[in-house]
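Student: Please assemble the complex out of the two chains, which come individually in their own frames, going by the hints.
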Amino acid sequence: NAGVTQTPKFQVLKTGQSMTLQCAQDMNHNSMYWYRQDPGMGLRLIYYSASEGTTDKGEVPNGYNVSRLNKREFSLRLESAAPSQTSVYFCASSEYAVSYNEQFFGPGTRLTVL
Amino acid sequence: AQRVTQPEKLLSVFKGAPVELKCNYSYSGSPELFWYVQYSRQRLQLLLRHISRESIKGFTADLNKGETSFHLKKPFAQEEDSAMYYCALNGQGAQKLVFGQGTRLTINP
Numbered sequence: 034n035a036g037v038t039q040t041p042k043f044q045v046l047k048t049g050q051s052m053t054l055q056c057a058q059d060m061n062h063n064s065m066y067w068y069r070q071d072p073g074m075g076l077r078l079i080y081y082s083a084s085e086g087t088t089d090k091g092e093v094p095n096g097y098n099v100s101r102l103n104k105r106e107f108s109l110r111l112e113s114a115a116p117s118q119t120s121v122y123f124c125a126s127s128e129y130a131v132s133y134n135e136q137f138f139g140p141g142t143r144l145t146v147l
Numbered sequence: 027a028q029r030v031t032q033p034e035k036l037l038s039v040f041k042g043a044p045v046e047l048k049c050n051y052s053y054s055g056s057p058e059l060f061w062y063v064q065y066s067r068q069r070l071q072l073l074l075r076h077i078s079r080e081s082i083k084g085f086t087a088d089l090n091k092g093e094t095s096f097h098l099k100k101p102f103a104q105e106e107d108s109a110m111y112y113c114a115l116n117g118q119g120a121q122k123l124v125f126g127q128g129t130r131l132t133i134n135p
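Those protein sequences? They're chains A and B, same order as listed.
First residue of the first sequence: 34, per this note's numbering; consecutive thereafter.
First residue of the second sequence: 27, per this note's numbering; consecutive thereafter.
The hints are simulated quantities; they were obtained by calculation from the structure and are not laboratory data.
In this text, a Cβ means the ideal position worked out from N, Cα and C, and glycines have one as well.
Hints are not guaranteed to be accurate.
[Stated by the list, open to error] Not everything, but these chain A residues come out facing chain B in the computed CB check (under 10 Å):
(1) L46
(2) P72
(3) G75
(4) R77
(5) F138
[What the hints assert, rightly or not] Dumping the calculated SDA-like pairs for lysine to any residue here, alpha-carbon to alpha-carbon at most 20 Å:
(6) K48(B) with M74(A)
(7) K42(A) with Q68(B)
(8) K42(A) with Q71(B)
(9) K104(A) with Q121(B)
(10) K48(B) with G73(A)
(11) K48(B) with P33(B)
(12) K83(B) with V121(A)
(13) K83(B) with E106(B)
(14) K42(A) with F137(A)
(15) K48(B) with P72(A)
(16) K91(B) with K35(B)
(17) K42(A) with S66(B)
(18) K90(A) with Q28(B)
(19) K42(A) with R67(B)
(20) K42(A) with K91(B)
(21) K90(A) with G117(B)
(22) K90(A) with A27(B)
(23) K35(B) with V121(A)
(24) K35(B) with R77(A)
Same shape as in the complex, but just chain B (with noise of 0.2 Å):
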């Protein structure tokens, strides 16, 4: 079976200070996992993907397979990033996403 855990619901830190939001997934075989973005009163959209290893938004993003995680970072938090986080994961053939229960981020000033 396929789950995505986000162990966080809330998460809340200052301007400046660093993030990190994690994400661990359950999957035997290897995994496609990404992050996905809801800003206030935007749509749902695609962060980053693990496969194409890039930073976005000074958002980066490792999997760790020894410890099925795959935890979303940032070094310098920007009040912009204020967010909903979705990590979610494909699995091999499959097509279709799923998604963990979310972190809400806030950026305090």
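Chain A with its partners taken away, still in its complex shape (with noise of 0.2 Å):
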């Protein structure tokens, strides 16, 4: 199995540029997630879909979408980039039952907004 797989591994972009980020996971897991890692700031949920049909805001919402495209995918989209969303961007999924599991990251995604 794959696990949790990310494309693509880098991007540049210039100011105003779109651009959508994908990621599935294999595992059967009904909750994805986007965060977004920056030096000093940590993992920053972006959105999550705690089930297929699903999606939330996290911390740091503004400038992103997201689409639950169906159980295995869990799209991210920047409509107009901007410098300030410079980051390694993150996937991740989980089985959350009764109690909360652990989550299963991607490689993640370097993205560069000149």
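Tutor: Right, here's the structure in full:
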């Protein structure tokens, strides 16, 4: 099993351009998450999807949109990229049951906005 | 509000020395707490969780509700422990984690 996969691995955008980051998991997990990782700021939740068909804002949702395409896939879209969105983006998934379960992370996408 | 604070961005210790990574949290209920680790060129992965009360790779962490802390400890550091460590909190009924700012641990030979 590949676990959580993300594409692309690297991307350079110009200010104002748009792009979609793709994420897929093959563990049949219900919940999926998008984080950004910035030096000194740790991991911050952008959006999450507790189950197929639902999405919710996290701590830093401004400038992003998400789509839970099906149980496997959860995409993150930047409509008009800004330099402040330069970051490493991680997707994660988990099987939330009665008690919290482990989150499994993808390899990350390193995005630079010029 | 849920908050996790890791006061040390960088921590450097010598091989064989004890290591302690600090984590303090703010949450009014009964939290679930975790330590995640990211080794160089590897994915972020779960190291341990307080519910399990386990020792992983020689690391332990005890939840102290009085001090609202969940510090990660290892009595004898090894070079392969060099990594980025994140403390994380899950509040009751929440289906998401709140992460701290992370501590980069470097073990010197």
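Student: Hint by hint, say whether it matches the structure.
Tutor: Hints, one by one, checked against the model:
Annotation: L46(A) was flagged as interfacial toward chain B, and the flag is violated, the nearest CB pair being 24 Å apart, outside 10 Å. Given hint, P72(A) at the interface with chain B, holds; its Cβ is 8 Å from that chain's nearest Cβ, closer than 10 Å. With a least beta-carbon distance of about 4 Å to chain B, the hint placing G75(A) at the interface is held under the 10 Å criterion. This hint holds: R77(A) has a C-beta 7 Å from the nearest C-beta of chain B, less than the 10 Å allowed.
At its closest, the beta carbon of F138(A) sits 4 Å from a beta carbon of chain B; the interface hint therefore holds under the 10 Å criterion. Taken as a hint, the K48(B) and M74(A) pair is honoured in the structure, with Cα atoms around 16 Å apart against an allowance of 20 Å. Distance check on the hinted pair: K42(A) and Q68(B) sit about 13 Å apart at the alpha-carbon level, within 20 Å; holds. Only pairs whose Cα atoms come within 20 Å are accepted, and K42(A) paired with Q71(B) is accepted, the gap being roughly 18 Å.
A distance of roughly 16 Å separates the Cα atoms of K104(A) and Q121(B); the hinted pair therefore holds under the 20 Å criterion. For the hint linking K48(B) to G73(A), the alpha-carbon distance of about 15 Å falls within 20 Å, and the restraint holds. The hinted pair formed by K48(B) and P33(B) meets the criterion: a straight-line CA distance of about 7 Å does not exceed 20 Å. Proposed proximity of K83(B) and V121(A) is contradicted: the alpha carbons are some 27 Å apart, above 20 Å.
As the CA atoms of K83(B) and E106(B) are separated by approximately 10 Å, the hinted pair is consistent with the 20 Å bound. For the given pair, K42(A) sits about 17 Å from F137(A) by alpha-carbon distance, which is consistent with the 20 Å threshold. Distance check on the hinted pair: K48(B) and P72(A) sit about 18 Å apart at the alpha-carbon level, within 20 Å; holds. Restraint check for K91(B) and K35(B): the C-alpha separation of about 23 Å exceeds 20 Å, so the hint is violated.
Proximity of K42(A) to S66(B) is assessed by CA-CA distance (about 16 Å); at most 20 Å being required, the pair is judged to hold. Restraint check for K90(A) and Q28(B): satisfied, since their Cα atoms lie roughly 15 Å apart, inside the 20 Å limit. A distance of roughly 13 Å separates the Cα atoms of K42(A) and R67(B); the hinted pair therefore holds under the 20 Å criterion. Restraint check: the Cα-Cα separation between K42(A) and K91(B) comes to about 40 Å, which exceeds 20 Å; the hinted pair is violated.
In summary, the hint linking K90(A) to G117(B) is supported, as the alpha carbons are separated by about 16 Å, within the 20 Å threshold. Restraint check for K90(A) and A27(B): satisfied, since their Cα atoms lie roughly 15 Å apart, inside the 20 Å limit. For the given pair, K35(B) sits about 18 Å from V121(A) by alpha-carbon distance, which is consistent with the 20 Å threshold. As the CA atoms of K35(B) and R77(A) are separated by approximately 16 Å, the hinted pair is consistent with the 20 Å bound.
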